[in-house]
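Sequence lines, in order, name chains P and R.
My numbering applies: residue 1 is where the first sequence begins, and numbers increase by one.
My numbering applies: residue 449 is where the second sequence begins, and numbers increase by one.
Simulated from the structure, these hints should not be mistaken for laboratory data.
All of these numbers come straight from a predicted model, not from anything done at the bench.
Check before you lean on any hint, since a few could be wrong.
[As the list claims (entries may be wrong)] Once the Cα atoms are required to be at most 27 Å apart in a straight line, the calculated DSSO-like pairs of lysine-lysine come out as:
#1 R:Lys478 with R:Lys556
#2 P:Lys53 with P:Lys433
#3 P:Lys220 with R:Lys478
#4 P:Lys414 with P:Lys347
#5 P:Lys309 with R:Lys464
#6 R:Lys464 with R:Lys505
#7 P:Lys414 with P:Lys433
#8 P:Lys133 with R:Lys464
#9 R:Lys501 with P:Lys283
#10 R:Lys501 with P:Lys220
#11 P:Lys431 with R:Lys464
#12 P:Lys303 with R:Lys556
#13 P:Lys433 with R:Lys464
#14 P:Lys309 with R:Lys505
If you want the building blocks of each chain, they are given just below.
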Amino acid sequence: MKKEFVRIGCGAGFSGDRLEPAVILAKEGNLDYLVLECLAERTISLAQKRKKKDPNLGYDPLLERRIESLLPILVQKNIRLISNMGAANPLAGGKKILEIAQKLGIDITVAVVHGDDVFELLSGDESTLESGKPIKDYGNLLSANAYLGIDAILPALQTNATIILTGRVADPSLFLAPLVHEFGWDPQDSNLMGQGTVIGHLMECAGQITGGYFADPVTKPVPDMDKLGHPIAEVGINGTAKITKVDGTGGIITRQTAKEQLLYEVLDPHGYFTPDVVADFSKVSIIESGENEISVSGGAGQKAPETLKVSVGYEAGFLGEGEISYAGAHAKERAMLAGEIIEKRIKSQFDEFRVDYIGMSSLHGLSLSQSSNPYEVRLRVAGKTQDQNKASLVGEEVEALYTNGPAGGGGARKNTTELVGVVSILMDRKKIKPLLTIINSKPGSDEN
Amino acid sequence: MKIKLAEIAHGRAGDKGNTLLLSVIPFEEKYFSAIENQITAKKVKEFLAHQLKGEVKRFSLPELHAFQFICEESLGTGVTTSIAMDAHGKSLSYALLEMEIEIDSSGKSL
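Only chain P is shown next, with the shape it has when bound in the complex (with noise of 0.2 Å):
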């Protein structure tokens, strides 16, 4: 029998969240489902620089720290698993799983869902969605991943799997395949698709919901943020959800923080692309149908696009970072002075170059902190070249303002980072195919 209602619990908006909002919706959000999101446009391709350094690695840093906390109250729960930690190898993170299920005594079966990889298929030629020039324009390409949906997963569920972890598949799919698996839906229903996407997408950022990413004191106060609660959906089989969050958790959840988190990295309101549905947004029906509870419904869709996204890492160099701060009288002339001897030395070496003024000016510029005199200012070096050496030069140069810049700089701190870009191009979805294996923790087990 088709249950009436389905409950999706996300515990994760991105691969550094916190740990114990999921601990808490598994042991007491009474779910079917718990979904952990924790992949990126950039992960992936920093994911697939550590699979090159060891064909072991590849998969979410905290896969193993996240697992061995849930993995318990999963079972006991009766509750599934639906998370892209395998981020660039799904198979090497499914079976670390199982290594982890080993060491607390549990038997599990695991669905590895990949086939999202398709750096092998490239030619270099095709246009980025960026800029129209080929990908081979910006270098040495590093991966490519392809948003998959939930054709790839719907068949993992299929299975008696308690996790299910993929690879890249599109965020709003790991939410709207259990919902088609459960009820039935018609992938072809195209505004059933679209519904069910707007919930993936209110859901896909948890706590970005629930009060976080959000929280203004004067404006918009949050109640109990330090234990706040990451979301809960409850669906029904018309599709209409119900949002909510445990009890005791801290946040808020109304049609103030719904409607910045259904606009968020949204291009077109009215055509929403993924892998499952164009989806229109415009004419969502967000109502509060309780404290901390709403109903959501209207989202609608036009028919799956015949293409799907991909994600190509390029190497983009080096940036190198210096900061500096000044503070008291002249503070603002002083860290002046400081940008404008660092530019005189080293700006001619670099690609890029800017020099940032914290406290005034590094995150909208000067127009709108004119008339400002901050009693303290941070001065911030940024370059960008090729060259790993030189991107360093910076660092070196703001620290070296100690003894031969303006007076009383302090705290300065250096920072070498690589660079990973990354573009899009469009495939042929008839090119890609999304791949399952199953694996669990009984010896002999089968691969397919």
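With chain P's structure known, arrange chain R on it following the hints.
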């Protein structure tokens, strides 16, 4: 009276490559038309000219009582390769809310 947009609206910034997305959501529905009349794509582009280098487009969403601004070529060279402090442009939601708006005591556009 002339007030800051931050007093009557909230919003969130998002990013896609080198495109910056800014939502503006009035705290009360009565402010929708004043924002629609005065916070146009052209005005936003002028106000944040140092940051917004490409085309700025606005979606008015009357059912949601919200607006979405799509700002192309506005994140340096794009989120992943920008050398800016805030490469994602996440703090720019509050830059937009620095804009001024004229309303009368009932919240209508003057």
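Hints, verified against the model:
1. R:Lys478 with R:Lys556: holds, 7 Å
2. P:Lys53 with P:Lys433: holds, 26 Å
3. P:Lys220 with R:Lys478: holds, 18 Å
4. P:Lys414 with P:Lys347: holds, 16 Å
5. P:Lys309 with R:Lys464: holds, 13 Å
6. R:Lys464 with R:Lys505: holds, 15 Å
7. P:Lys414 with P:Lys433: Violated, because 45 Å separates the two Cα atoms, which is more than 27 Å.
8. P:Lys133 with R:Lys464: Distance of about 17 Å is within 27 Å: holds.
9. R:Lys501 with P:Lys283: Status violated; Cα separation ~30 Å.
10. R:Lys501 with P:Lys220: This hinted pair is violated, its Cα atoms lying about 31 Å apart.
11. P:Lys431 with R:Lys464: Given pair lysine 431 of chain P, lysine 464 of chain R holds - Cα atoms ~25 Å apart, limit 27 Å.
12. P:Lys303 with R:Lys556: Measuring from Cα to Cα gives roughly 40 Å; hence the hint is violated.
13. P:Lys433 with R:Lys464: Holds - the C-alpha atoms of lysine 464 of chain R and lysine 433 of chain P are around 26 Å apart, at most 27 Å.
14. P:Lys309 with R:Lys505: holds, 23 Å
Hints 7, 9, 10, 12 from the earlier list are contradicted by this structure; the remaining hints agree with it.
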